[in-house]
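Sequences listed follow chains A and B, in order. Positions in the first sequence are counted from 1; adding 30 to them yields the numbering used here. Positions in the second sequence are counted from 1; adding 172 to them yields the numbering used here.
Ranges between beta-carbon positions, derived for each pair:
(1) Ala57(A) <-> Leu246(B): 38 to 48 angstroms
(2) Asn249(B) <-> Val46(A): 21 to 31 angstroms
(3) Leu246(B) <-> Gly53(A): 36 to 46 angstroms
(4) Ala298(A) <-> Arg360(B): 51 to 61 angstroms
(5) Asp345(B) <-> Asp314(A): 16 to 26 angstroms
(6) Ile192(B) <-> Val46(A): 42 to 52 angstroms
(7) Val46(A) <-> Leu246(B): 31 to 41 angstroms
(8) Phe34(A) <-> Thr232(B): 27 to 37 angstroms
(9) Gly233(B) <-> Ala57(A): 45 to 55 angstroms
(10) Phe34(A) <-> Arg314(B): 24 to 34 angstroms
(11) Asp314(A) <-> Asp307(B): 24 to 34 angstroms
(12) Asp199(B) <-> Ala298(A): 54 to 64 angstroms
Listed below are several chain A residues computed to face chain B (Cβ distance under 10 angstroms; list not exhaustive):
(13) Asn44
(14) Arg317
(15) Thr324
(16) Ala330
(17) Ile409
Treat the hints as calculated values from the structure; they're not laboratory data. Note that the Cβ used here is the ideal one computed from N, Cα and C, for glycine as well.
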Amino acid sequence: MNSFLRTIPFTWKNLVRRPLRTGLTVAGIAVATFLFSFVESMRDGVSKATEAGAAETRLVVYRKNRFCPFASQLPQSYQRSILSIEGVKSAVPIKIVVNNCRASLDVVTFRGVPDEGYLQEHIAKAQLRSGSISDWQSRGDAVLIGAALADRRRLRAGDRFDAAGVRSWVAGVFESDDAQDRNVAYAHLGFLQETAQRGGTGGIVTQFNVEVEDPAKMEAVAAAIDEAFAHDQYPTTTRPESAFVARAARDVIVLVRFASIVGWASLAAVFALIANAIALAVRDRIRDHAILQTLGWTGADIAWMVVMEASMLGATGGAIGAIGAHAAIALTHLNFTMEGVSIEVTASNAATLAGVLLATLLGAVAGVVPALSAARREIVQGFRTT
Amino acid sequence: MSTIECRNLRKDYRRGEEVIHTLQDVDLDIHGGSFVALMGPSGSGKTTLLNLLAGIDRPTGGTITIGGRDIGTLGRNALAAWRSANVGYIFQLYNLVPVLTAYENVEMPLLLHPLSNKERHQRVTEALELVGLADRYLHYPRQLSGGQEQRVAIARAIVTRPSMILADEPTGDLDRTSAMQVMDLLVRLNKERNQAIVMVTHDPSTAARAGRIVHLEKGKIIDAAEFAHATRTTTIGAHQ
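With the rest of the complex left out, here is chain A (with noise of 0.2 angstroms):
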């Protein structure tokens, strides 16, 4: 063991002292890594928004056979129908303007709510970071933006901020912890109704957030809902946030699939790279582990050091891919929205691990056999060789 350690300093100086070589290999690793991480970032993302959880409690209440905010319209007057229903604990009406119906990387989502209750509640959770709801109320063209929505546009509180036709005023900025506030702009439900004049004006919403009482009881919830209006000129379907955010996501959700693959792809690379490295390492320096055995180091001294330089190789190159996907993704405030809804790729400490550790397992799998191959050659066939 202690020649093991002592073999360390030894094998640093190999990858050091060899910069061309090593450098090339640890970019090499560094460039599959960052596309795992950020892929795993990416499918981290959608899984997040997109799996429910077992205390969710919203409804999403949206038109029947209807996929865009756009087209989704239901009258405002719904929303006491749908409070008289048992296991309703409320239910907010929202209008929803886009800029962009389509996946997108930048959508802006205006969502108008009621002036009074809703976010007043919803906001008390998150915490602002710059001006105050009463500013809000105090204005009626005012929005309230989500953090990521804020950094992606470079907006603060007192700018003016136009997009979707809609032209309003910045009261404030708040962050969250979930991605759909994050990345909307909240408005007055009246002012955007009379401002976007798409589907209708005032009276007509896109879709209701309905809490209910009992998580147990969403399913029961969201059928008396729908049955509710089954026979309305406006048939609904309802469903809980997560599964309304995954319908919608569905290409994005696909897409992130096929990533995955490429990302794990990446790592195959990864192995490969390596593997390339490390045993022509070897071939070139046949000579240089033969004098070692001469010198008293055991086969078993050798391929330790081998295996040891192929990891340090997958660790360096898997970090520095990891770590730079983790930066690139925490600096950009990247989000998919696609119907009004946003799937935002987060910097995930799992998928930055994960990236670090799988190089550094698989460089040393990828020393294995040329390590292999170095301990169980004789020395003077070592010498023979060169």
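Given the structure of chain A, go ahead and fit chain B onto it with the hints provided.
Then chain B, alone, in the frame of chain A:
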């Protein structure tokens, strides 16, 4: 000091169907502290014998007993440990590790010994001072001349204070001046430290610096008269 005893030592190599008898029934005794030169034409088995004495190759038959221990019976790891403790090997082409400095090359064999950092540093410095390269300790092999590289290799061979130094044509790749310096160094080590030295050489003037010359011809040890005859015959044959 170790005494080296070779009895009926044989080494065969296979090349396809053909078996090459590189060493045939070699009997040799080398006393501790002596300086022996192995001479002979190319292919006579000098380097093979040296490799067997160093424990980096295994005999096909016979025994090698060094310091009362039959090294042919040692397993790979035990043989490596034995080499580390008892053998200092000097190669014709120096064989320094290119990514390590002179200091680090000399330090390499000591990493296997239970020494503190201070002791290790002391030993490396001493060895480099002994070969006159204390001021070049930070130089990489590519920054040294052939003679300097060989002196670093000698420092690496002696740093563990082995009981014997085995040198395979240590001056074969050097100019006359550097060769002289290296030989002076080996003679000094043999006298001052009483370390046994077995040196392979083609050069009679280099061999003359040793206390004893052993002649090899076609894998067998022959006496000096036979050797002179064989060399003359070979030379005449070569001129014809």
